[in-house]
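S.K.: First to last, the sequence lines map onto chains A and B. The first sequence runs contiguously to residue 347 in numbering that gives the first Met the number 0. The second sequence runs contiguously to residue 347 in numbering that gives the first Met the number 0.
Quick caveat, the hints were computed from the structure, so don't treat them as lab data. Glycine included, C-beta positions come from ideal geometry on N, C-alpha and C. Just so you know, not all the hints are guaranteed correct.
Said to hold, decoys possible - According to the in silico footprint, chain A covers these stretches of chain B (three or more CB under 8 Å from chain A):
#, region
1, 8 to 19
2, 36 to 48
3, 53 to 59
4, 118 to 126
5, 292 to 303
6, 316 to 326
As the list claims (entries may be wrong) - Among the chain A residues that face chain B by a calculated CB cut under 10 Å, a handful are:
#, residue
7, E42
8, L43
9, V46
10, S52
11, A53
12, L116
13, A149
14, P226
To be verified - Here are the simulated DMTMM-like cross-link-like pairs (lysine to aspartate or glutamate), alpha carbons at most 25 Å apart as the crow flies:
#, chain 1, residue 1, chain 2, residue 2
15, B, K147, B, E323
16, A, K147, B, D41
17, B, K147, A, D174
18, B, K147, A, E133
19, A, K147, A, E133
Protein chains: 2
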Amino acid sequence: MTVTLADVAARAQVSPATVSRVLNGNYPVAASTRERVLRAVDELDYVLNGPASALAAATSDLVGILVNDIADPFFGIMASAIQAEIGGPGGRAGGERLAVVCNTGGSPERELTYLTLLQRQRAAAVVLTGGAVENAPHAAAVAAKLRKLADAGTRVVLCGRPPAADTQAIALTFDNRGGARALTDHLIGLGHRRLGYIAGPEERTTTRHRLEGHRAALRAAGIEEDPRWTVYGRYDRRSGHEATLELLRRDPSLTAIVAANDSVALGACAALRESGLRIPEDVSVAGFDDLPFSIDAVPSLTTVRLPLSEAGARAGRIAMGREEPPLGGIASVRGELMVRGSTGVPRG
Amino acid sequence: MTVTLADVAARAQVSPATVSRVLNGNYPVAASTRERVLRAVDELDYVLNGPASALAAATSDLVGILVNDIADPFFGIMASAIQAEIGGPGGRAGGERLAVVCNTGGSPERELTYLTLLQRQRAAAVVLTGGAVENAPHAAAVAAKLRKLADAGTRVVLCGRPPAADTQAIALTFDNRGGARALTDHLIGLGHRRLGYIAGPEERTTTRHRLEGHRAALRAAGIEEDPRWTVYGRYDRRSGHEATLELLRRDPSLTAIVAANDSVALGACAALRESGLRIPEDVSVAGFDDLPFSIDAVPSLTTVRLPLSEAGARAGRIAMGREEPPLGGIASVRGELMVRGSTGVPRG
DNA sequence: CATCGTATAGAAAGCGCTTGCTACTGTAGT
DNA sequence: ACTACAGTAGCAAGCGCTTTCTATACGATG
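Just need the whole structure built from these sequences, with the hints factored in.
M.R.: Given below as structure tokens:
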């Protein structure tokens, strides 16, 4: 029923081996033969059987991209950049690789499941994006899985994620600590002394690093932090909204709110506005990531720009072996402070 | 080197056939045997070889999701919902399916390439999202490909995309015409008579349908449209920004601007503000889709809410055969007008 | 006690492709 | 003219799994 290599071979009057070689182009085939084969392929409308080919060759042209939340532009932008580098030419079988993004939803189990599924498919490469979960057993399980993938010849790259110990995985990490430090330094420079902080989920590395940067800035300025000033939440606007109301309840005298990311900051802005507070006259707000919509917020959002596209593109190239990995396999990517309208000198 | 089924079989003292049956669970195996096999699997840390299994069984557990732009939350949200329905239990091999999203970047060629790649992998199902390109040869090529996929047993579902002729593909389309009509009716009801329209890329069905709805509303109200009132662009904020400046140049007397989607509307808002115009006092602005950030815009955006998650979930379920397709294989999903702060009665 | 049905396990034939090796040309080197 | 050797093409052995068909063992049945 379905057309196979053998059918093509018969039609082109050559052996299956020859057809395979024409298709994979890694063995000398006379021009006339090649043309005859290609014509047969065309006439029969032949499509290579991926699984069969992967089985025989012991490799596949699948590349996996793991993201925490595909509905979040933060990941969407990175995934897009990674995929753009991978989809291109340079591979087997006509240079096409199937770059697929897998949505873990931030769940450690799903992350592991997807890794297994990719291992099962004998993926050519895997790129993991986003912060990791700080949970020893899970981290160990992931590390073990990555090691196994690497052993099986799968290239592993981490993008915007801390290095995994005992793994040959290349890591491109964002300097979340440094960015957060710069951001809070900016606020302190404006004169703020009472700053609320809306953190992400407590168990994620990204959350911890950003919070650490924030606290380092406070400490450096000799500001003693009130435990009430930190609220943990999720990385979405809803969380920012709720957390802001909570912060306001705990300490109405706050003059600035630093959010875990831009979406959270937007939610915070909404909550402040509903509470009758002006931004930045009454309360300054800062975000993180500099997603596209941040500049359109009113007032536009002061934030830390992360080179999502650039980092993703680089990760993609490394995954394809088209760019040298950084020395030591680890590179830190810095963010850039973007001072805009949502931060100003505190009232009084 | 790598552990195979045979290794597991040897360790468990059973035949490979038995191991396979334990793993696939579709054949009676004595409890004691099953347990012995599972222990061996565990001890050897065995991972099924996907390609081999797909080859032998002539099916795979891969499900493809095609999106136009993964960095756009519109697609991210849909993809997330689809994937959530697919990743779950219910399939072969432990109920795990690899739901992968493929980013076409809106390019017809890439769309076709991905479809071929998925066909090559013998995907279990394919979900295509987003508007199609209105280009006869390409539409025919896609339809042909979809037909072939269906013939090979791949379930094909279109989500937020017009039905494909001569294809058994199930289609869940958004009622873009109706939504746009309601939106412009609302504006006209407020008293607007001079409305600018920022359309998406001219060749997409979504663009055309929304524009048609808009024009139908104008016609029904007896408003004669000035050709200068329509500008085509892309579906991003930048485009909205540029197009707005262009519209303002062409006709400074416009009192309302209807955008192709929310991102475009946000760009329009920014441009208006930069031009010293107030929203909605001087100019009203309306979007489409009701993405999460739209409610946080200042003023919050009047728009048409599309049930992205619901439609995606349904498409996912249909793709998995867990829900009956709609009668006739086609269903139209309606949007809901969300009247918010960005629209008001025109000045004067 | 012979017969049968049922539950469970194994043997073995592929699934469609890749690739190491062998075989056959024709041309170049001596 | 004879060997040597590129340049091509074919043979055939798998890759690791699924599945049909067959075999065995048992308890139930007449």
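S.K.: Next step is simple, just say for each hint if it's right about the structure.
M.R.: Hint check:
1. 8 to 19: Violated - the region 8 to 19 of chain B has 0 residues with a Cβ nearer than 8 Å to chain A, which falls short of three.
2. 36 to 48: Our answer is that it holds, as 4 residues pass the Cβ test (under 8 Å) against chain A, meeting three.
3. 53 to 59: holds (count 3)
4. 118 to 126: holds (count 4)
5. 292 to 303: It holds: at least three residues are needed, and the region 292 to 303 of chain B offers 5 whose Cβ sits within less than 8 Å of chain A.
6. 316 to 326: It is violated: at least three residues are needed, and the region 316 to 326 of chain B offers just 0 whose Cβ sits closer than 8 Å to chain A.
7. E42: 15 Å, violated
8. L43: 12 Å, violated
9. V46: Status holds, d = 5 Å.
10. S52: Result: holds, 8 Å to nearest chain B Cβ.
11. A53: 4 Å, holds
12. L116: 5 Å, holds
13. A149: 13 Å, violated
14. P226: Violated. Min distance 29 Å.
15. K147(B) x E323(B): 22 Å, holds
16. K147(A) x D41(B): At roughly 15 Å apart (the allowed maximum being 25 Å), D41(B) and K147(A) satisfy the hint.
17. K147(B) x D174(A): The hint is violated at about 48 Å.
18. K147(B) x E133(A): Not OK: K147(B) and E133(A) at ~46 Å, beyond 25 Å, violated.
19. K147(A) x E133(A): 21 Å, holds
The earlier numbered hints that this structure contradicts are 1, 6, 7, 8, 13, 14, 17, 18.
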